[in-house]
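Asker: Given the structure of chain A, go ahead and fit chain B onto it with the hints provided.
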Amino acid sequence: DQQVKQNSPSLSVQEGRISILNCDYTNSMFDYFLWYKKYPAEGPTFLISISSIKDKNEDGRFTVFLNKSAKHLSLHIVPSQPGDSAVYFCAAKIKIGPFNPNDYKLSFGAGTTVTVRA
Amino acid sequence: DVKVTQSSRYLVKRTGEKVFLECVQDMDHENMFWYRQDPGLGLRLIYFSYDVKMKEKGDIPEGYSVSREKKERFSLILESASTNQTSMYLCASSEGVGAAYEQYFGPGTRLTVT
Numbered sequence: 068d069q070q071v072k073q074n075s076p077s078l079s080v081q082e083g084r085i086s087i088l089n090c091d092y093t094n095s096m097f098d099y100f101l102w103y104k105k106y107p108a109e110g111p112t113f114l115i116s117i118s119s120i121k122d123k124n125e126d127g128r129f130t131v132f133l134n135k136s137a138k139h140l141s142l143h144i145v146p147s148q149p150g151d152s153a154v155y156f157c158a159a160k161i162k163i164g165p166f167n168p169n170d171y172k173l174s175f176g177a178g179t180t181v182t183v184r185a
Numbered sequence: 024d025v026k027v028t029q030s031s032r033y034l035v036k037r038t039g040e041k042v043f044l045e046c047v048q049d050m051d052h053e054n055m056f057w058y059r060q061d062p063g064l065g066l067r068l069i070y071f072s073y074d075v076k077m078k079e080k081g082d083i084p085e086g087y088s089v090s091r092e093k094k095e096r097f098s099l100i101l102e103s104a105s106t107n108q109t110s111m112y113l114c115a116s117s118e119g120v121g122a123a124y125e126q127y128f129g130p131g132t133r134l135t136v137t
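Going line by line, the protein sequences match chains A and B.
All the letters of the first sequence, read from the start, carry residue numbers 68 to 185 under the working numbering.
All the letters of the second sequence, read from the start, carry residue numbers 24 to 137 under the working numbering.
Here chain A stands alone, though its shape is the one from the complex (with noise of 0.2 Å):
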């Protein structure tokens, strides 16, 4: 059972314009929210996090919001880059145990493949 859901598993949008990749989460403890970008043949890098205490984190051109109350978090990408074009991963942390500070579980979402068009 998937705990991190993303329902649109491609996006496509013009170059210059925006890019509004979504993300919903079933488990409130999660903490901690990540972006990973994958490019083919390559291995996912991570792109921007947000701190479940935050509803906004901004990095350059990738901005991500947190709507705790809705379990809903989105990555915003202004303006597009043919660059972008790659899959977005959400990913959320989760403190599975009280003492040891192992005891953090990653969950990610399906990914959702941007295409930037020129």
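Bear in mind the hints are in silico, worked out from the structure with no lab data behind them.
Quick list of the computed label-pair ranges, beta carbon to beta carbon: (1) T112(A) - K80(B): 20 to 30 Å; (2) E92(B) - M96(A): 33 to 43 Å; (3) Y106(A) - S30(B): 17 to 27 Å.
The structure presented is a predicted model; accordingly, all values stated were derived computationally and were not measured.
Beta carbons: idealized from backbone N, C-alpha and C, even for Gly.
Answerer: For chain B alone, kept in the frame of chain A given last:
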């Protein structure tokens, strides 16, 4: 830059064979992970290790085992490969597993079991 390398990019094995996937990281990270990536399912954690000779089961450990004899190396073993283990396998490492620690991924091994 953190570098995580995996021994093979593509691998084709027969049903019933024993398969070894190797992963090496060069940043002295304590924690290492094995995931498999399947369409529509994203990345699912198979096993992880937070210290040499330590291992913990992830979400889908059945049919797999792991070995961590040295800090920089984490091996995934398929004792008797089956066709449903055809997948992309990704290794990752991280300095810590607290909330703010990101994981660094290798390029992946595309395993096909025939």
